[in-house]
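Participant: Sequence lines, in order, name chains A and B. Just so you know, my numbering puts 75 at position 75 of the first sequence, and the rest follows in order with no gaps. Just so you know, my numbering puts 43 at position 43 of the second sequence, and the rest follows in order with no gaps.
It should be emphasised that the hints constitute simulated quantities derived from the structure, not laboratory data. Virtual Cβ for every residue (Gly too), placed ideally from N, Cα, C. Check before you lean on any hint, since a few could be wrong.
Said to hold, decoys possible - If you want a taste of the chain A side facing chain B, the calculated C-beta under 8 Å gives, among others:
1) Ser31
2) Gly40
3) Met41
4) Gly42
5) Leu43
6) Leu45
7) Tyr48
8) Gly58
9) Phe90
10) Trp97
11) Pro100
12) Gln101
13) Gly106
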Amino acid sequence: NAGVTQTPKFQVLKTGQSMTLQCAQDMNHNSMYWYRQDPGMGLRLIYYSASEGTTDKGEVPNGYNVSRLNKREFSLRLESAAPSQTSVYFCASSEVWWQPQHFGDGTRLSIL
Amino acid sequence: AQTVTQSQPEMSVQEAETVTLSCTYDTSESDYYLFWYKQPPSRQMILVIRQEAYKQQNATENRFSVNFQKAAKSFSLKISDSQLGDAAMYFCAYRSANDYKLSFGAGTTVTVRA
Numbered sequence: 001n002a003g004v005t006q007t008p009k010f011q012v013l014k015t016g017q018s019m020t021l022q023c024a025q026d027m028n029h030n031s032m033y034w035y036r037q038d039p040g041m042g043l044r045l046i047y048y049s050a051s052e053g054t055t056d057k058g059e060v061p062n063g064y065n066v067s068r069l070n071k072r073e074f075s076l077r078l079e080s081a082a083p084s085q086t087s088v089y090f091c092a093s094s095e096v097w098w099q100p101q102h103f104g105d106g107t108r109l110s111i112l
Numbered sequence: 001a002q003t004v005t006q007s008q009p010e011m012s013v014q015e016a017e018t019v020t021l022s023c024t025y026d027t028s029e030s031d032y033y034l035f036w037y038k039q040p041p042s043r044q045m046i047l048v049i050r051q052e053a054y055k056q057q058n059a060t061e062n063r064f065s066v067n068f069q070k071a072a073k074s075f076s077l078k079i080s081d082s083q084l085g086d087a088a089m090y091f092c093a094y095r096s097a098n099d100y101k102l103s104f105g106a107g108t109t110v111t112v113r114a
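Next comes chain A alone, as it looks inside the complex (with noise of 0.2 Å):
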């Protein structure tokens, strides 16, 4: 029962460096979702996906982009790594968007 899977756990990276999070869920899902946590904060949407092909964005899009090519993945891209950007990212993914969201075990993102 796979749920929702995010690849890579960790990773650390230098500033100014290119990075893709990876999300995949097998639970034919339309809406996902990306989320930053912060120390002391609660998650903060990036952006949001209602399904493929589209994309809408969150609390804090600035720094990121988006790709959903299909149903099961969806991905996130920081173009030029900064050290702002550290932080631990989670996937997200419900039946549609009223639905409660399921979530993936989270990257941790590291930028030096």
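Since the structure of chain A is already known, use the hints to place chain B on it.
Facilitator: Leaving out everything else, chain B in the frame of chain A:
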């Protein structure tokens, strides 16, 4: 964005005892949903309980129950008969009935003493 406030950064409870986590939120809407998520050290976010604002009855899931006070905009979580496996960070979250966006509080770390 909606504001969700968890005023207790940390709580400690003896095994088998009860602990209550507080959450308040700010909204002008009448129809919305509230959630409690658990995040153990494994990091995965797990939905514990959900409450629809239009329901007056408080939600219950086994040892987890909520006290939903709509007028006071308060949504507390009670963990009864605490177990070592309950040790985690707990997040309160709000979602408007008309929007997909979840707003999270900063979280409360629960420690269970054996």
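Participant: All hints are to be evaluated individually against the structure, with a verdict given for each.
Facilitator: Right, here's what the structure says about each hint:
no., hint, result
1, Ser31, "holds (7 Å)"
2, Gly40, "holds (6 Å)"
3, Met41, "holds (6 Å)"
4, Gly42, "holds (3 Å)"
5, Leu43, "holds (5 Å)"
6, Leu45, "holds (6 Å)"
7, Tyr48, "holds (6 Å)"
8, Gly58, "holds (7 Å)"
9, Phe90, "holds (7 Å)"
10, Trp97, "holds (4 Å)"
11, Pro100, "holds (5 Å)"
12, Gln101, "holds (7 Å)"
13, Gly106, "holds (4 Å)"
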